[in-house]
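We have chain A already, so just place chain B on it with the hints.
These are the residues of each chain, in order.
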Amino acid sequence: MRAIVTVIGHDRTGIIAEISMLLFKAGVNILDINQTVMQEFFTMTMLVDTKDATISFEELSKRLADKGEEMKLNIRIQREDIFNAMHRI
Amino acid sequence: MLTLTDILQTIEMIDRQHLDIRTITMGISLCDCADESSKKAAKKIYDKITRCAENLVSTGEAIEREYGIPIVNKRIAVTPMAIVAASCKDGDITDYAFALDNAAKECGVNFIGGYSALVHKGMTEADKRLIESIPQVLSQTNLVCSSVNVATTKAGINMDAVALMGSVIKKTAELTADRDSLGCAKLVVFANAVEDNPFMAGAFHGVGEPECVINVGVSGPGVVKAALQECKGKSFDVVAETIKKTAFRITRMGQLVAMEASQRLNVPFGVVDLSLAPTPARGDSVAEILEEIGVEYAGAHGTTAALAMLNDAVKKGGVMASSHVGGLSGAFIPVSEDEGMIRAAKAGALTIDKLEAMTCVCSVGLDMIAVPGDTPASTLAAIIADEAAIGVINNKTTAVRIIPAVGKKVGDIIELGGLLGSAPIMPVNSYSSERFAARGGRIPAPMHSLKN
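For the record, the sequence lines run as chains A and B. For the first sequence, the working numbering assigns the number 1 to the initial residue and increments by one for each residue that follows. For the second sequence, the working numbering assigns the number 1 to the initial residue and increments by one for each residue that follows.
Calculated directly from the structure, the hints in this document are not laboratory data. Cβ atoms here follow ideal geometry from the backbone N, Cα and C, with glycine treated the same way. A few of these clues could be false.
Calculated Cβ distances over 12 angstroms to all of chain A for the following chain B residues [stated by the list, open to error]:
hint: 1; residue: Thr3
hint: 2; residue: Asp15
hint: 3; residue: Ala62
hint: 4; residue: Gly68
hint: 5; residue: Arg282
hint: 6; residue: Asn429
According to the in silico footprint, chain B covers these stretches of chain A (three or more CB under 8 angstroms from chain B) [claimed, not checked]:
hint: 7; stretch: 32-43
hint: 8; stretch: 64-71
hint: 9; stretch: 76-83
Extracted from the complex, chain A is given alone in its bound form (with noise of 0.2 angstroms):
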């Protein structure tokens, strides 16, 4: 299954770098990482793959949320399905 982790907060060391472990270590495949800085606010959507994963997407939904608290940003993981049926036909 395809999903899409959003990262927004404030920029920092080490962002993508602790995501991309975290995601390593549950199994999870990165696809694609769009990044960018937009009025101070980093913004992060990585494509990933959560086939392979070791762990329930709830389980992993809840790690990326404790990570976020950790780090002070709003990381998120949704199913990509919403996005295609929001903004393609």
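Showing chain B alone in chain A's frame:
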């Protein structure tokens, strides 16, 4: 490939503009639960509902987590109870209501709809018993919602039922006087009721529906308003186009969730209801869309035209986004549930008369309107008849959900809590409709009902 802008736009809609799936409603047929014994029927009802809807709430929550979209309500709609209770020869019809309430609690849903009767042409014995029990049921249960259909374009208006409903609403208000007459918020009187409406309080599972079905109601007034903020000073052509595009996006989300829920629960997908349903949260208001279009307050001259365009554009945008559109599908204008409507009513910009005009061009009717507690039953009946006439003549659904708040007068506020919000008491026309309501009988079906 999705762009960063697409992804952030969706997230912004959810986080800042209150985009949500308003409800996943499971319709369940209870026709097979009829029994001569009310106790036996009640047991069958409880068992069937808790079996069919066992995983409804947990499935809804799982979808919320995976897609990151809030699903505000999970609800159940059942066969109009007067039909199920028709064969009951003994006991108390309220047994059926308590079975519904208990089953809803067990399943963890927010509301259960279908303590209903369809009496547009006449009342059966069971219809009459059910209608007379509504005040007691709504005062003694928590989650049960009730609706009565008193008119259709095909059958005309059952004025005996209209008069009876005036008294039933009055009595419901009295029995729940200690809770700001909350019972009335769970009671809708319809004309041209639809069989697959997922929204409360008027949801029921029609007799033409399958055994079990999933209907989804979307929302998103905040998203439409935010989109229109980008169109300041532009022509109505641009406004209509913008609303259509936004409605398309909102509805696609509803369709996705509906299909996913249907598949996971192994229950057929019924319809997506394309309604713009407000909540009392700031920025989640249909009235604010109207203000954004250009009226100072909802209710100012121009409101009806703006609402007509909004309603039409939502349908045009939404209809291509869903494989089956149904339910009420239109903008809702409940006063107590919409922050902008409350503000407009308090300012005196929005009156019942203007709301009545607005119901000619949108779904659904005079909704969540609080009126003085001393409003006579005959006046309530006359309000229902006026609204039913609009529905019957215009071939659309209309409804009345009105709260004659006991002990309250114009200028007071009642607090209903949660999504039901708070309502300023609005004045009603003080001249009598007593002789009108007392006539009874039926107002014949209009000429244009004869289509064959």
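Status of each hint after checking the structure:
1. Thr3: For Thr3(B), whose nearest Cβ neighbour in chain A is about 8 angstroms away, the distance does not exceed 12 angstroms, so it is violated.
2. Asp15: The assertion about Asp15(B) is violated, with a minimum of 8 angstroms to chain A.
3. Ala62: Per Cβ check, Ala62(B) is inside 12 angstroms of chain A; nearest 8 angstroms; violated.
4. Gly68: Given that some Cβ of chain A is not farther than 12 angstroms from that of Gly68(B), nearest at about 4 angstroms, it is violated.
5. Arg282: holds, 21 angstroms
6. Asn429: holds, 46 angstroms
7. 32-43: holds (count 4)
8. 64-71: violated (count 0)
9. 76-83: Satisfied; 8 residues make the cut.
When each numbered hint is compared with the structure, violations occur for hints 1, 2, 3, 4, 8.
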